[in-house]
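Chemist: One letter stands for each residue in the lines below.
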Amino acid sequence: MTATQSPADCTEAPPYDPAGRPPTPAGRQSDRRLRLVGLNRIGRAFHGLAIATAAGVVALLGAVVLVLLEASGGSSARTGPAFLVGQTWDPVHNVYGALPAISGTIATSGLALLFAVPVAIGVAIFLTEFVPRRLREPIAALVDLSAAVPSVVWGFWAILVVAPFVGHSVEPVLARWTGGAGPFARPPTGFDVLSASVVLAIMVLPTISAISRSALGAVPRSQREAALSLGATRSEAAWLSVLRPARSGIVAGILLGFGRAAGEAVIVVGLIGNVYALPTSLFAQGQTIAGEILNDLNSGLPPERSALVELGLLLLVVTVLVQLAARGIVRWAEASRPRFGSDRSGRATRILREFGSGGLPPDPGPGAPAAPGRRPHPRTRPGHRRIVRRARGIAAVALTGAATTLALLPLVSVLGTAISFGGVAAVHPSFYTSELPAACPAIAQASCPIGGIGPAIQGTLLLVGLASLVAVPVGILAGVYLSEYGRGRGTSIVRLAADLLVGIPSVLIGLFVVVVLLQGAPALDNTALAGALALGVLMVPIVTRATEEALKAVPQAAREAALALGFPRHRATIRVVLPSARYGLITGIFLAVARAGGETAAVVLTAFGSPYWFAGLNHPVSSLTLVIFEQGSQSSYSNWQADAWGAALVLLVLMLGVSVAARLMARGATRPDPEA
Amino acid sequence: MIGALAVIVAVIGAGLPLGWFSYPPSNCSSGVTLDGEGASLLLPLMSEWEGAFRANGSDAVNYNPAGAGAAISSLSARAVDFAATDEPLSASEYKGMPGTVLTLPVTGGALAIVYHLPGVVAPLELSGDVLANVYLGTVARWDDSAIRSLNPGVVLPSQTIITVHRSDAAGTTYVLTDYLSEDSSTWKEGPGTGLQPSWPSSPEQHAEQGNSKVVQYVAATPYSVGYADLTDVLGTPGLQYARMENPAQNFVLPTALDTASAIADRSRNTTFPSASGSWSNISMVNSPAPGDYPLATLSYFLTFQTAELGLHSSLARTDAIQQWLHWVLQAGQALSGGLDYATLPSNLVALDEAAIGTITFDGNTVSCGLH
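Protein chains in written order, with my numbering: chain A, 10 to 685; chain B, 1104 to 1474.
Chain B on its own, in the form it takes in the complex (with noise of 0.2 Å):
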């Protein structure tokens, strides 16, 4: 018995070093697998990415939607080749990372509101201010004045309200308190903007991990609130979502169409930084036109601007992750619309694609070309 487990430890020590650390053997990409870490916003699309790009070439990406705060701190150790974020990196992360990070939008989405209201038939209006005042507990029940005069005659139910939200860090959190933070200076001087705030002590509340978590409880759960990206929303049948108010007081519903007008409007006011500067302060909430969206939100990707910082680093890994930018920007685009996420204005893709150009491995840019 001694014997045969001898042989077995000496076959598998031998196959060790020949073989089971695989690099890839050639500079241009083939049957690479990117790993991709990030916000479950994304999920859904980067789920048809995944499957489409790989019936596209030899190359694939694994994608695991842990949230993007996973993704920011995997990024940093190193121990990813892109981060997907709906987070710009802050000051702070981006000073943790070990070299320049590259921020490039891939895709845009919306935060939809989402509630449970058995008896309710007509969507809910609601303003940032009034949304804020109940995470923070100061409207607790949702026959509080404060709902009532946004929504005059609808029954509200005398119910205190179970506010839902994200336990991981998540994109997703980010975006709605940026949001928050704009409509109501007590949520800014408070909790504040980020992945994972402290949330207040509203009387009720439930966290969930990831947003399709999040959907299914309040689908489950009468009288609760939450939020969750678009596509998983729709996803569902029979779930509400509220109709929020934009800077131009007017309540909009979230669509595809008005998400991705809103983030054209407000990018065509915004001066973009470089891919490899800051981006903390690019927002697309609250866009000023009357018929946009006010919980809009841009989709990055974040990967090292030299790729020997990144994954398991070689030239061939660094053509994948060109390959795979590449991808995204243009047949990628075509697939967002059919899942309610934003197609990307055309400035964006035109810096992105400059910033593509630009990443090196050991100094030298990648020579294989699109294939």
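For reference, chain A alone in the conformation it holds in the complex (with noise of 0.2 Å):
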């Protein structure tokens, strides 16, 4: 909607001096002729490279579909639809089966949606609706920070928090309640589905949340002062004229909270009990699809690798089903919004009447004051019925700002344990200087050295750099395509191809890379050139998008204007909309290196791990996520906790200042509009 109206040839049009200088003698013009091709050229070249920046987009999707598809091939040759209904995972005879891993995937996140979805919807009416103008905004800025923390740190902090919570104080009460019946059969441990579905959706609360409260602030002021002055309660008005209306994408939201769920490895792998099997009650073990790649990935041998690579096509498939319906779901609602002046405020009346007020006051008439709550009831028995809807009002009040409360109580608890934990450690300036120790069984723990972390923030910086390095370009190149040049299906191709990417659980980038690179490449399998690859594709989708809702927020206008001065396209692109954009940009770049910096299950996958310092690109390398999912959740030596937990404090300091920065940006890039 934004490029459509002028057309893409308009490049060759301008037959202005872009300086807007005043028409040149005779014997220039062939120099301003020559100049003017040259300015086409490269607007041609601009363009032709905006397409095919965007192109790649696409191809990249495709090439992650293809890839997966081709690489299982050998698996469901040889098992079949019997892969799907399979309960075994036995390498040992080379019998493989999904119905564990699926069902455990499905039960975890559907669990996690389950506990993850009240709260969260909870949040978003607590803020849109209750808070305090002057509190919104900070408290807004807590819930989202949760969306900052890394998985590997939820994961980490939860094998020491939620785990022995969830075991020794949650499980044996609800058994005991139940009397151990149905799923809550078997012991109670603290390592099982039940723990993983309540980390997950922690994790998943705050992208929620998010969601929920851009849909409800999509509500339209008038919808709630039509309930108010109807006479609802806010309460009640949260209820009917914005819940009711935000609801399809609220349900948007909850359904990307599953996809994210659901490809979740590293929480699942630090808190599931990793046993394959089928999760008959909350408190048996199990493992799900990302989990097992995870786990399996790096030491399967061909057969298992391909029966691994086909539960990653499992995933894929359902991560990008849900990402269909979720934008199917908000697509139909913006078909289907009423247009104004429709009987909205009829219907608000008419579940009013359902909600149970009894009866509405009759109309106050215009110049009324719209107190809620507190008018004078006019019917013969008024109190009652006052009561309850004030009692309602209160209880939703308590209800959602308890929900708020619930909230932030994980990103209080993983900030404390990370300092009482990692503060030991990082408080040495040797920390950021020095290698990992050896480990250090407990016998020697009078001498165990503490070491420190070096090479993994080395190898973090290096990562990230490198990933950025090509998927900034490519992703802005791509973003300037779909906002300036785009247009028709290509664009839709194209934005959607990037929303899928976006959507794609970082456990199956990771496969892809070792599947191209065991097919390519080997010798570049485990070093950090097949990190940074893999952390790119990650971030060229985040920033693709990112700069095209950047883009989009300049003004049509500061387009016409820099035209009608004679710039050519590229030049009006890269001189006027990019400049105006660059908070948005910024802000973009910025969530995508933090996506990157805390991302896990792909660069386990990928970049190997090691205690040196960087030895070339070719080389494997560490970083601070690997230290925490390997030195960390996944052994015991007590220097390596130490260390692990210092790098996970330094992990949090870094995202969280950059989701700060990032915000700041954002604020930056919505100043002038004073709404905001």
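Note that these hints are calculated values from the structure, not bench results.
Please note that the accuracy of each hint is not assured.
[Said to hold, decoys possible] Cβ-Cβ distance ranges computed for the label pairs, FRET-style:
1. I115(A) to S1195(B): 49 to 55 Å
2. A194(A) to P1376(B): 46 to 52 Å
3. G1256(B) to H102(A): 38 to 44 Å
[What the hints assert, rightly or not] Here are a few chain A residues that sit away from chain B, every Cβ distance over 10 Å (derived from the structure):
4. R42
5. G191
6. G309
7. A447
8. G463
9. A532
Since the model is a prediction, treat every value here as computed from it, not as a measurement.
Note that beta-carbon positions come from the ideal geometry of N, C-alpha and C, so glycine has one too.
Build the complex from these two chains, which are given one at a time in their own frames, with help from the hints.
Modeler: Pasting the structure below:
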């Protein structure tokens, strides 16, 4: 809608001097023409480049799908549909079945949503409807900040905090109440389906609540005011005229949350107990598709590897379908949104009546002040219902407030844990400059050196830097195509491809890179380059979409002014549109960098890890997330634990810092708008 | 802003081909970091070896304890310089390799059977057959008659046994299943011997990645039973481990000494293949001598005989591999005993040394000598 009204061939059109000088004497005409030809060439080249990168984004999605399809061939040919219903994973006898992983994935993500959705919606309602304006921003910022905590840190924290709590305090109580029947059978251990689901819920909660919040925020003020003016209390107004219209957006957020939970590998591996069996009880150990891939891909020989790729394909299909469903719902809701002047308040009246107000007060007249919940009820027996309604109002505020407190608890706990366990190591300057020590079995505890995470910090900077080097230019060009050059079908295909790529679980991106490298350049598997490649693939679609959004926020008038001054389209884009969108661009890049810096699953599968300093791009490399995952979550040596907590603290500070910076940038981007 | 970005891109872009892909310059090694991957059973020892080897010369080793399965997979993908495993390559794994693999025993170790029984003080006595039945789920409670008859006089709790196993493809698991297959025909015909068998559905089970996590889990979970390398077990104060029945029907507590003697006794009666041959029949479990601990194992390094098949191969890197292997067989052995691993018998050291000499790079042997 931004670029369509001006023809794409306008790069050839402008017969003006870009600087707006008076016409030059005839003798210099040929010079000018030459320059114009040159400009046209550059313009066309830029246009072509933008199209090519955009096509590259689509090709990337195609490559992920095709490569996984191709690599799973060996497995599906051998086991066929039996793969879907088989229950064993037996590399010794080469028998593979996916049912336990499929059901584990469904069970954990389903439960995670069950826990997260009510809380997330409560947070969203509390923040958009009840909280005083002044507190809204800071609380929202804190909730959003939890989204910046990398899943590997959630997982490491949860092994120490959530699993013992669930295993010792929650599960025994549940088992006692229910008599240990059905889903509460088996002795509680704290490393089971329930624990994994709880932590997945903690991880997806900020995502769902952010999307719900923007859906609620998008409901026009007039809707609330209509309900309030009809005599609804604030909580009734929130329920009737805000929550219902925002339903579709909330459902879309829930679906995206499901996709994230289903694709999460690191948290699952840390908490689910890693037993390849059907999750017969909440307290049973199990496995998910993503967890099985992360656990076994590095060790799988070719037959098992192709079975793992087939598992990955299943996950890919599920996440893509879920995303398409989310898009469909949003689109359907947009299409069926009532036009101005429809019978909104009529419906609100009807629902309000069902709601138990027992009939509405007569119209107070246009001049009457709107004091919701306080107006005297004109009915003869006013007391009872009014008390009920007011109690409901208070309960709604209390419940949503409690949900918000609950949502903030994990962030507080994870920060506190990281500071108290990682602070010991992190205060030593040498922690940032030395290598990991030898693993220290507890016998030698007295002389256990703590060492440091220098190579891990170096590795993270290197991996993210290299990935950005490719992903940022590519993403910006593809975003420029979408916003400035794209039209019609092509644009929507590129946009869809970028959206789907954003939603592909990182463990599958790691799988994709491993499969490609093992086919094409096996010497580059398990190297810094492989890790950077995986992170780059993760970053491209994020930068693409963020760029598009940032560019679209630039007023159309700015482009038109530039074109009217005789700027060719590419110069208008580079000189006018991109600089005006700089805050949005940098925000997008920050988000992509944060995503890559906190990524674990893809790095575990590709970068191998190393206790030493960077030795070359064709060598393994360490990273902060690798130290937390391998030395922290997957071993129990005391000095490595201390180092991993130090690494978690450093990573948290980095991620939260980037997130805060991105927020400030985003505020800069919208500064001219006084409403925001 | 865009201009600045372009400059950064150009600078780093130019840096890539120049220095960021590192290959050692000369034929003799210096400053080489070898990449190894393998069993977590070896991790405590490898961690010591890494440090000592690096202090000894200019080369270093980066060991990733991702498990034996991961290591074998990486070796076949030519992604590591050497793999470490407690499982000698099976015939099919050998077939998946791109070239001749040398199997080099480097140390011996013991598998301890760990358990957590509050109130039971004396070490439990267990046999391979009973342990197999525990993992098969047919012996499901601690006070099962099979366990009671092995431990007369011990008051056993009436609790479900939580079996703990490794979630990754583990050399440690190979040793356990090797032992269980020898002592129990049901196990042999069922799950069988391997790095990652399909675990039977015992009533309560749990899986962990890496030995140190297994140890930690058992230490924290009453009524659980698991298996791990002796070093990690001894490093965890208060952890209980069982006396295991050997073929002479004695119950033996694992120690470095009884493990070394088991390995020495069994290797005396074993005809070892050459390093380039198949070692899949070599097993150190169930040594026949009366005092030997039955769950002993050799740990192997696997590397390509034709080093050009290896990772970023070069003459210098080949030299580094040889230096490293020599060092492990000589200086490295002195460190084994201190960490409760078993020093290698001299016949195996001789076998290894001969094999190291056969490593070639593009048809040439390395002539740097030991430095």
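Chemist: Against each hint, give a clear statement of whether it holds in the structure.
Modeler: Hints, one by one, checked against the model:
1. I115(A) to S1195(B): 49 to 55 Å: violated (34 Å)
2. A194(A) to P1376(B): 46 to 52 Å: holds (50 Å)
3. G1256(B) to H102(A): 38 to 44 Å: Check passed, 41 Å falls within 38 to 44 Å.
4. R42: About 27 Å separates R42(A) from the closest Cβ of chain B, which puts it past 10 Å; holds.
5. G191: holds (16 Å)
6. G309: For G309(A), whose nearest Cβ neighbour in chain B is about 6 Å away, the distance does not exceed 10 Å, so it is violated.
7. A447: violated (4 Å)
8. G463: holds (15 Å)
9. A532: violated (6 Å)
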